[in-house]
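For the record, the sequence lines run as chains R and A. Each number in this note's numbering corresponds to the 1-based position in the first sequence with 476 added. Each number in this note's numbering corresponds to the 1-based position in the second sequence with 476 added.
Hints listed in this document are in silico derivations from the structure and should not be mistaken for laboratory results. It cannot be assumed that every hint is accurate.
Note that identical chains are pooled: a pair holds if it fits in a single copy or bridges any two copies.
[As the list claims (entries may be wrong)] With a straight-line cut-off of 25 Å between C-alpha atoms, the simulated DSS-like cross-links for lysine-lysine are: (1) K752 x K628; (2) K679 x K752; (3) K685 x K647; (4) K730 x K679; (5) K589 x K730; (6) K603 x K726; (7) K565 x K733; (8) K589 x K527; (9) K679 x K733; (10) K638 x K685; (11) K679 x K726.
None of the values given here were measured: they were computed from a predicted structure.
Protein chains: 2
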Amino acid sequence: MISKKNKILIVGLGLIGGSYAKGLTKNGYEVGAISLSIDDIDYAIKNNIIKHGHTEVKKEYISQFDIIIFALYPKTFVEWIEKYHHFIKKDAIISDVTGIKSPIIYKIQDILKDDVEFIAAHPMAGKEVSGVINSDEKIFINANYIITPTLKNTKRGINVAKNIAEILSFKNISILTPEKHDEMIAFLSQLTHCIALSLMTCKQSHHLKDYTGDSFRDLTRIANINENMWSELFIMNKDVLLEQMELFEKEFSKLKKAIANEDVTTLKNMMIESSKRRSYFNK
Amino acid sequence: MISKKNKILIVGLGLIGGSYAKGLTKNGYEVGAISLSIDDIDYAIKNNIIKHGHTEVKKEYISQFDIIIFALYPKTFVEWIEKYHHFIKKDAIISDVTGIKSPIIYKIQDILKDDVEFIAAHPMAGKEVSGVINSDEKIFINANYIITPTLKNTKRGINVAKNIAEILSFKNISILTPEKHDEMIAFLSQLTHCIALSLMTCKQSHHLKDYTGDSFRDLTRIANINENMWSELFIMNKDVLLEQMELFEKEFSKLKKAIANEDVTTLKNMMIESSKRRSYFNK
Chain R
477 MISKKNKILI VGLGLIGGSY AKGLTKNGYE VGAISLSIDD IDYAIKNNII KHGHTEVKKE
537 YISQFDIIIF ALYPKTFVEW IEKYHHFIKK DAIISDVTGI KSPIIYKIQD ILKDDVEFIA
597 AHPMAGKEVS GVINSDEKIF INANYIITPT LKNTKRGINV AKNIAEILSF KNISILTPEK
657 HDEMIAFLSQ LTHCIALSLM TCKQSHHLKD YTGDSFRDLT RIANINENMW SELFIMNKDV
717 LLEQMELFEK EFSKLKKAIA NEDVTTLKNM MIESSKRRSY FNK
Chain A
477 MISKKNKILI VGLGLIGGSY AKGLTKNGYE VGAISLSIDD IDYAIKNNII KHGHTEVKKE
537 YISQFDIIIF ALYPKTFVEW IEKYHHFIKK DAIISDVTGI KSPIIYKIQD ILKDDVEFIA
597 AHPMAGKEVS GVINSDEKIF INANYIITPT LKNTKRGINV AKNIAEILSF KNISILTPEK
657 HDEMIAFLSQ LTHCIALSLM TCKQSHHLKD YTGDSFRDLT RIANINENMW SELFIMNKDV
717 LLEQMELFEK EFSKLKKAIA NEDVTTLKNM MIESSKRRSY FNK
């Protein structure tokens, strides 16, 4: 359990890092931050998102914290750990918000000394805007949260991750293996982004917006996509993502065949099944 | 222009027919309805959605109306016109809300006598619920509305269709040929439904909902789909829809190849283009 005496450090003050900081501060925890941008640190202090922060990574500062949450792109996260892991206090728990797990968890756990535990977690929440100025702790309310322990994790570590989720008002906390997480996320999040962006770029027309209903808007909301983060996520999870893309392609092609053959029975059966399954997803 | 003295008949009291009736009644027009269900007629009278209505199609009733709006499935609409068109008053204007245009407009205009004008229109609005009890005239506020005249239409007919859209608070009224409409709708509405339902049915997993973020929910909102209406719409617009499906498949497969080859440049370019295009669609 996290106590109010524990100091929490957020590394990376983007939308998710900022929203974590805001939520933890509002709940009475002392939150510090590391960010490359002094403007973001200043903004976050001024707006009661964090208590203090630095742009430089120094041992005196890092070693104060009992809990560190990394909100960086996956590769930058691994590089940070390689470079600075010896700054981290003995018995500290570190966690993250990274959208991909197996390609980073084992690497990081191997680098860390035995007295620091990394428990990985993934908050299934976001917004189509970025940066600390758009921080909003309310995006976590009723959202899903996935913890992905390995054999190296302890009950204490898992409980800290659960506790972070509880403090931030996540609704549903699941425990998955890193591999199962990556498959689920490839399907639920990466595949959906692949679909949205292909739909957005496949047809050139300047007037589409004058003819559209809400369905096209819904399917392309996430087509506004951060190319640096998502290209990294797609490639790191390449094998699993390609499998999910092929699963979708196969089903889409089955539907296409049914339309081409005017096979009303298959069409209706797919639609009935689709409606039934969708009903489980109503919030 | 529609005058308050004009009586308006809605044929088909589903979600869209009911919402038209409600909006027109609220704006002070006398609205009647034809529906197969006496319960729907009773409900609509009781709730001030219509002034009067019948389940049987009789000449004495139909011939009272200056404007008739059909909110039926496409095939039922054509059958209705074949059977009852001679009940319609001289100089009446008829319009519709059908989601497909070229396969029905020319047929209907051929059946009608010269003294009745059919001006086709398509309100780009809806809801994932059905029936007159879910009627809601607010779904049209700021939505798009497409009018699809042919060479047989007159300025008077087009103005009546425009006027209906204005009374119901649609934001953007476009004029397209029936063929261009069918292509746009195949892309913006039918393709999006094909994608949503394939995504919903392609992977069997009972726990998906515990891991999902908003993106999967957004992309599958319309996966709750009326199989009778949509199988009819897909098949009637088959050729154009198949073209749009192939356009999407080609782009999706280009993205897949870029991921497989770890071709970061192509990936980022697609994402940048996608984000740029999506920005035009913000309401």
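Results for each hint:
no., hint, verdict
1, K752 x K628, "neither (40 Å within a copy, 44 Å between copies)"
2, K679 x K752, "between (31 Å within a copy, 14 Å between copies)"
3, K685 x K647, "between (36 Å within a copy, 12 Å between copies)"
4, K730 x K679, "both (22 Å within a copy, 14 Å between copies)"
5, K589 x K730, "neither (51 Å within a copy, 43 Å between copies)"
6, K603 x K726, "neither (30 Å within a copy, 29 Å between copies)"
7, K565 x K733, "neither (60 Å within a copy, 44 Å between copies)"
8, K589 x K527, "neither (28 Å within a copy, 78 Å between copies)"
9, K679 x K733, "both (22 Å within a copy, 19 Å between copies)"
10, K638 x K685, "between (43 Å within a copy, 19 Å between copies)"
11, K679 x K726, "both (22 Å within a copy, 11 Å between copies)"
Against the hints set out earlier in the document, violations occur for numbers 1, 5, 6, 7, 8.
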